[in-house]
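Protein chains in written order, with this note's numbering: chain A, 438 to 972; chain B, 621 to 835; chain C, 579 to 892; chain D, 220 to 322.
Simulated from the structure, these hints should not be mistaken for laboratory data. Here the structure is a predicted model, which means the values were calculated and not measured. Check before you lean on any hint, since a few could be wrong.
[Unchecked claim] Below, computed lysine to any residue pairings styled on SDA-like, alpha-carbon distance capped at 25 angstroms: (1) C:K622 with A:F870; (2) A:K780 with C:N633; (3) C:K773 with C:P676; (4) C:K682 with A:K780; (5) C:K682 with A:S749; (6) C:K849 with A:G677; (7) C:K849 with A:I666; (8) C:K682 with D:V316; (9) C:K687 with A:E893; (10) C:K622 with A:Y779.
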Amino acid sequence: MNSIESAVPPPRSYLDDGHSLRSWLFTHDHKRIAILYALAITFFFFLGGFAAMLIRLELITPAGDLLTADAYNKAFTFHGVVMVWFFLIPSIPATLGNFLLPMMIGARDMAFPRLNLFSWYLYMIGGLFTLAMLVLGGVDTGWTFYTPFSTMFSNGHVMLTVVGVFVVGFSSILTGINFIVTTHSMRAPGMTWMRLPLFVWAMYAVALVMVLATPVLAMTLSLIALERIFGVGIFDPALGGDPVLFQHFFWFYSHPAVYIMVLPAMGVVSELITAGARKRIFGYRFMVWAIVGISVVGFLVWGHHMFVAGQSMYASMVFSILSFIIAVPSAIKVFNWTATLYKGRIDFNAPMLYALGFVGLFMLGGMTGIFLAATALDVSLHDTYFVVAHFHYIMVGGSVMAYLGGIHFWWPKVTGRLYSQAWARFAAILMFFGFNLTFFPQYLLGYEGMPRRYHEYLPQFQVLNILSSAGASILAVSYLLPLVYLGWSLRHGPRAGPNPWRAKGLEWLTDSPPPTHNFEVTPVVNEGPYAYEDA
Amino acid sequence: MSTESAMLAQQFDDAAQQREASALGMWTFLATEALFFGVLFAGYTVCRVRFPAAFAAGSRHTDMLLGTIETAVLLTSSCAVALALRDVQLGGRRVAAWLLVLTAALGLSFLVMHGFEYYSEYREGLIPGIRYTQQGPLAGPMQLFFCLYYFITGFHSLHVGIGVILLLVMARRTWRARFSAQYYTPLELSALYWHLVDIVWIFVYPLIYLVGRAG
Amino acid sequence: MMTMAPPQASTLAGSVDTLFDVMLALTGTISVAVFVVMIFFCVKYRRRSHADRSNANQTRLGVEVAWTVVPFLMFMALFGWSISLWSRMRTPPADAAPIYVVAKQWMWKVQHPGGQREIDSLHVPLGRPIRLVMTSQDVIHDFYVPAFRQKQDVLPGRYTQLWFTATREGEYPLLCSQYCGTDHARMTGNVTVMKPADYARWLQAHAGTGLAEQGAERFRRFGCSGCHGSQSSVHAPDLDGLYGSTVPLADGSQVRADDRYIRDSIMLPRKQVAAGYAPIMPSYTGRIGEDDVLALIAYLKSRHATTETAREQH
Amino acid sequence: MNAPTTSASPPSLRLHLIVLAALLALLLTSAGCALLPLGVFNTLSALGISVIKTLLVMAFFMRLRRGPPLLRIAAAVGFAWLAVLIGMTVADVLTRVVLPSPW
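Kindly produce the complete structure, drawing on both the sequences and the hints.
Structural data, given as structure tokens:
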């Protein structure tokens, strides 16, 4: 690389390739599209976070005194819809995945750049529908849209929400198709499947889930819409239709969707831990098969959301055993991450702190998942705050920590700037404590029997609820902090070289920020990933 | 060769890579479509398992002759579009364009026939939520059959409509010699899409029109 | 954790809590072990330490296989335990006494076989298996009593059941745990567990009219008797002896007049019109509740019985 | 990625017409079968014929017979996942205990 620089001026970075609004809104560059996504997703994250703030404020007292019951129901529905479909599902794949997938496999761009841009526009259109829903008065079905409440009884703007989610679903399908094809056909010479970084494997597995699960959600939501328009449909109990059938279809998507949210996080953390420990990942092949196993078996466990829903006992048994089985690959991953630290040369930079935080929180979330897979315990824990705490440990403690860790890790690559390590470390530690203070009490609340989606609750639950709300305010501060110091680094941060972490991976071979077509010369790969030999 | 290099997007190394990527992308999309329709078929299966008699009765209300003709029309159109692609691959242009027009025309005639079916069902009062005048013990669950019938055929007709437009665009581009024996990817993808529409109907036909005919 | 748990007030609660505690001990031990190892590695192999790092990149297949197989076996054991307990939780004993529950936005209506009715409360005797048969009038609800460690969704158009044997006297919260609309959080009540003698007294005190008599009252109040009464000028089917008989329908088919048929005839009268009658009966959907239908069916059943006995006397 | 796939010469006109004839013949067979009282075999024959027709269309019209294996896998995966959705949902409905009306 150095020899080229002396001969010709360094190539223009993708950021300098046009500064007009037009050059951004009509770009086909996967890196710019990733940034467009990042901006939109950040907006929705704070919007959904605001709804969460309202929920936590309301729950400080047992009486429903801050919000009316309807306003509260609309707040948690909005929080769920926005956080699931407009933040968590696109978060890592659409931003980090878009930016890094082609670079990590040594490609100039995605296989279908125009499709990539189109899926961003679909995301924005879906977002507009959702904002319209909010402005016109919200919706109160919960993000799960259970029938017949959503079809026959809710007075909220179910149609707008459903259309918004439908559209954003297609955005996610198109992203998935792009990832699959890119991984199959755009790899650089020598980049065999077993040399792919785990992040790429995670993106590939996620793309499979997106492509195979999302259409089921799209059609199910269409059925809800049609049932609302015409007043008849296959979920209508008055005709002999089955409301539980809706739950099957919904969870056929929404359980794998959980893996859409957490598989990318696993990919990010694998990268962060190897780079932070300066060591090869322990058991690369097991990690790969764990990712693939999770994405496939993840499709076979959806019925564990329906143990008390009137599902057949025998179906519940099958779903229960499969849910236990899917915990095995997750356990393998945790053990392998821990073993990667062994004999490493661990640098506690901010991305590493986020990654370690992820492993801890993901383990707590995963362990409580086993309680919920056990049918006998799920009977009393189902639909209580135990479940709320469990999935927030996975989604917020897991995915959001990993997302932020990834942002911190690749920030120098994306922007070409370094940020304040001290502030970043502080934010990561604050986030870890704030998170546990918010959600650990919710495990106890659920164990004591406080149902979820309750606007008012029994007075004996107040202490734990206050702790949780206090934690939420710490969490809010820790989410706002990165906005400040990362924003500051954009102008004032020191310049980052091509590889500030001295990490392995093709993306670190090129300049920071990378040139428009990523690589001046297509790299040739002749070794496996994470070839850290100086440990 | 000139069209080939002109059509090569910058992210690809060569035309083979590009064609392979496009084909894989399309097949992945078709898998998505299979699951999209799959929800309706799953709903159909569950409801039919619960109400077999009502589904047989509902099916007997549909027009089996018209349904059979529609199936034949779609199968023929599928063959026509495959032949059009073959012609382009062999360097042809005019025959291919006319075959594509024929395919689109067959698709359109399918839609027209379906329109007639809908109209006669409207007159018989078989449309739940709009005009449903059936009586008797099976009238309730029979509505489930008809809901599924309209959802399935409605979504399918939507796909046929999109396909007809797509095929006409392809016919025009073929006529204007945008494709050659070396470069025909968009045409190939449109043909794949049309075959999928055909395959969906291959399953719709026995499930909607052929239940309980023997009794 | 024992202090945090809600009181154990059913035969199942103790077993559920034992399983919970064992799982907590197992997963807790593993979590703590992993945390300790992680922190140990983090300290020992920090960047500036001079720990021995030879052969750092070895992958040991035996270790991988061990931590794949051991959790798998552990999970299978837990699955076996959980599923055997669960099948006990889901299968009511044959001698369980039924009580009927109708859920609607946003209240619980309870109906005892003796005709006693309660709203948002349920009285049960100590030590006797109780089987709740539940249905919903509108959306999906969920009957949840933390103290019994039992929970079951209550679905419209279908019956689900839940059973328990209460083991401790007292009042326990009853909660709706499936989101059901605006006042979901207020759809709560109390389950009162009483000594069998107290329970018998309670039943006595609340023994209003029996279900069939309530139905007869409703038959008049909703105006059914206006058309279906013997002096009525409207041409409507006579309902004496209807229950259990075979009714010819307008479309030529026949149907047995069972509960489902009667319910549908009230709520959706156009669905199955009896032969020889004009389809003039108005639908009662939305005008009367599932519990009213229940009473009406009981009343028609009783008229069936009285006509039977009358015939025998002739 | 591998050897550049030179587009093999497309299937012949004759083959296309034979497949179409076979499809139409199968269509008539399935219509005929539906009119015979075969009990459960009515449904089985109808679905069996549909599967054969689908395989014909995919193998010849969509050219999977000579196509890259990857595409065959993509096609198979779609159907396999559909089978999971239908299979496990129907399994629940078939094994549910239906409680009779209690009154």
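Checked hints:
This hinted pair checks out: K622 (chain C) and F870 (chain A) have alpha carbons roughly 24 angstroms apart, not beyond 25 angstroms. Taking the CA atoms of K780 (chain A) and N633 (chain C), the gap is about 9 angstroms. The hint holds against a cut of 25 angstroms. Straight-line distance between C-alpha atoms of K773 (chain C) and P676 (chain C) comes to about 18 angstroms, which keeps the hinted pair within the 25 angstroms bound. Of the supplied pair hints, the one linking K682 (chain C) and K780 (chain A) is violated, its CA atoms being roughly 62 angstroms apart against a limit of 25 angstroms.
Taking the CA atoms of K682 (chain C) and S749 (chain A), the gap is about 24 angstroms. The hint holds against a cut of 25 angstroms. Our distance criterion of 25 angstroms between C-alpha atoms is met by K849 (chain C) and G677 (chain A), whose separation comes to about 13 angstroms. A threshold of 25 angstroms between alpha carbons decides the hint, and for K849 (chain C) with I666 (chain A) the separation of about 22 angstroms falls inside it, so the pair holds. For the given pair, K682 (chain C) sits about 23 angstroms from V316 (chain D) by alpha-carbon distance, which is consistent with the 25 angstroms threshold.
A threshold of 25 angstroms between alpha carbons decides the hint, and for K687 (chain C) with E893 (chain A) the separation of about 21 angstroms falls inside it, so the pair holds. Note on K622 (chain C) and Y779 (chain A): the hinted pairing holds, with a Cα-Cα distance of about 9 angstroms set against a maximum of 25 angstroms.
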